[in-house]
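Protein chains in written order, with the numbering used here: chain A, 1 to 133; chain D, 1 to 133; chain G, 1 to 133; chain H, 1 to 133.
Careful, some of the hints might be misleading.
Repeated chains share a single entry, so a pair holds when one copy, or any two copies, can fit it.
[As the list claims (entries may be wrong)] DSBU-like cross-link-like pairs, simulated, lysine-lysine; straight-line CA separation at most 35 Å:
{"#": "1", "residue 1": "Lys12", "residue 2": "Lys129"}
{"#": "2", "residue 1": "Lys128", "residue 2": "Lys36"}
{"#": "3", "residue 1": "Lys3", "residue 2": "Lys30"}
{"#": "4", "residue 1": "Lys129", "residue 2": "Lys38"}
{"#": "5", "residue 1": "Lys38", "residue 2": "Lys102"}
{"#": "6", "residue 1": "Lys102", "residue 2": "Lys39"}
{"#": "7", "residue 1": "Lys3", "residue 2": "Lys128"}
What the hints contain is simulated information worked out from the structure, not anything from laboratory work.
All values derive from a computational prediction rather than experimental measurement.
Number of protein chains: 4
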Amino acid sequence: MGKHDMENFYNKDRFSQYVGIELLESSAGKIRAGMKIKKHHLNSMGTVHGAALFALADAVFAVASNSHGNIAMAINAHISFMLAVQEGVLIATGQEISLNPKLASYKVDITAEQGVLVATFQGMVYRKKETHR
Amino acid sequence: MGKHDMENFYNKDRFSQYVGIELLESSAGKIRAGMKIKKHHLNSMGTVHGAALFALADAVFAVASNSHGNIAMAINAHISFMLAVQEGVLIATGQEISLNPKLASYKVDITAEQGVLVATFQGMVYRKKETHR
Amino acid sequence: MGKHDMENFYNKDRFSQYVGIELLESSAGKIRAGMKIKKHHLNSMGTVHGAALFALADAVFAVASNSHGNIAMAINAHISFMLAVQEGVLIATGQEISLNPKLASYKVDITAEQGVLVATFQGMVYRKKETHR
Amino acid sequence: MGKHDMENFYNKDRFSQYVGIELLESSAGKIRAGMKIKKHHLNSMGTVHGAALFALADAVFAVASNSHGNIAMAINAHISFMLAVQEGVLIATGQEISLNPKLASYKVDITAEQGVLVATFQGMVYRKKETHR
């Protein structure tokens, strides 16, 4: 898919929009999204919720894995949390680490200001024969 | 913490509230939460977003891991997705699988109606010396 | 596959034999393997090596996932370590947690004497159309 | 620890020696190990066993995580398998992705000849106050 198709795909992702995630870059092979931390992103301790971090990484994972045109369904994901953050803007940057006809894997890093690592995410998809129209 | 304290803890979890997750049961050793699927939970394919499923499991994980009184910080989590669902109510049920002074592990299953398995989640926390007041 | 075929399948698993893992039970839906701890299983700290624990769980995972007849290829696995052990016999017990035509997931628990939990493992396979023989 | 101490640490790792893994490089921040594929590394399908790949990555993880002097205990690990291989030499290269007083995370890539990616591994340790003498 081209840049325009990836943006269209992302615009249909209602949960990511609801959480407040913005697609920043979607050129081939480089997907980035951002999330400005707001009150609704916080957990009981007042830091960004692990599930909000997961949502940010997952938004990038979805665009990256569907960017080849075939429908890609997430089959599993793993996230490690390095740092608790309370404010500012978080950036997720994705990278394809393997691709074959049926399966593909992606790595997403989440960083805070000055590039400090907040979380790392790795996810795998099953690639269907069906393509996005 | 008693049932009341766990409910108080959960009520401060702003992200889980925002997503629309409800704590259903919080007696010692048995934590359950529910999420009625709404439009804002869906992904670009019109099924429940992986990150919404993660959020549901994570809400249970947070209550379960903090239920002993010590502050518990998630250090990593793994989720496997078994089934795409579009509507109805999802239930997450948590279980502690190990506990030592510094670390603890939890397993959460997400099921749809009739108990069919939608996703499995496993998470680990680091337990601080500090307790919830 | 029947019990006999699963044993044949396991007997061709050279790495598991080399490590010293024994298939204890392979009736449909219940796979168990054992490993008597020997010097060559230890790590630099003198406790059972994480990779030896992984090998024990993986042996069960391989038999369980191939037991339906289709060739099953591991695509990923996750292991959590709960307890360091130094001697005795370890037992791994597997369970299928999901199965569809292309993908399946398995959970394996490793216990030491008296059933104390040493590690938990979860793995996913891609199921080929090709069957064994 | 210096290069010499890391080699000493690795030489006490009996399981890795037994599997046939060789420590190739252990300068600060760069750990590499190699495994020449032999018959005893193979699974029932005649390709390198997932647990042998895990062992190779885990050997690097152990040296890297113990290189700061404190005793580091693996608490969990995740491996994704990209490619089945049958012969040649496999190389694992490790990298520290986060480090704090209690926890640290490492990433290890396994490649075959020409640098093609065979598996990716990520592991986390708990760091004890005790140091290696």
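Checked hints:
In this homomeric assembly, Lys12 and Lys129 come within 35 Å of each other (Cα to Cα) both inside a single copy, at 21 Å, and across copies, at 34 Å. In this homomeric assembly, Lys128 and Lys36 come within 35 Å of each other (Cα to Cα) both inside a single copy, at 33 Å, and across copies, at 28 Å. With identical chains, the CA atoms of Lys3 and Lys30 are at most 35 Å apart within one copy only, with a shortest distance of 10 Å there and 37 Å across copies. In this homomeric assembly, Lys129 and Lys38 come within 35 Å of each other (Cα to Cα) only across copies, at 28 Å, whereas the closest approach inside a single copy is 39 Å.
Taking the shortest alpha-carbon separations for Lys38 and Lys102, only the inter-copy value of 29 Å comes in at or below 35 Å, while the best intra-copy value is 38 Å. Taking CA atoms no more than 35 Å apart as the test, Lys102 paired with Lys39 passes between copies only; the shortest distance there is 29 Å, against 40 Å inside one copy. With identical chains, the CA atoms of Lys3 and Lys128 are at most 35 Å apart both within one copy (21 Å) and between copies (34 Å).
Comparing the model with each numbered hint stated earlier shows that all of them hold.
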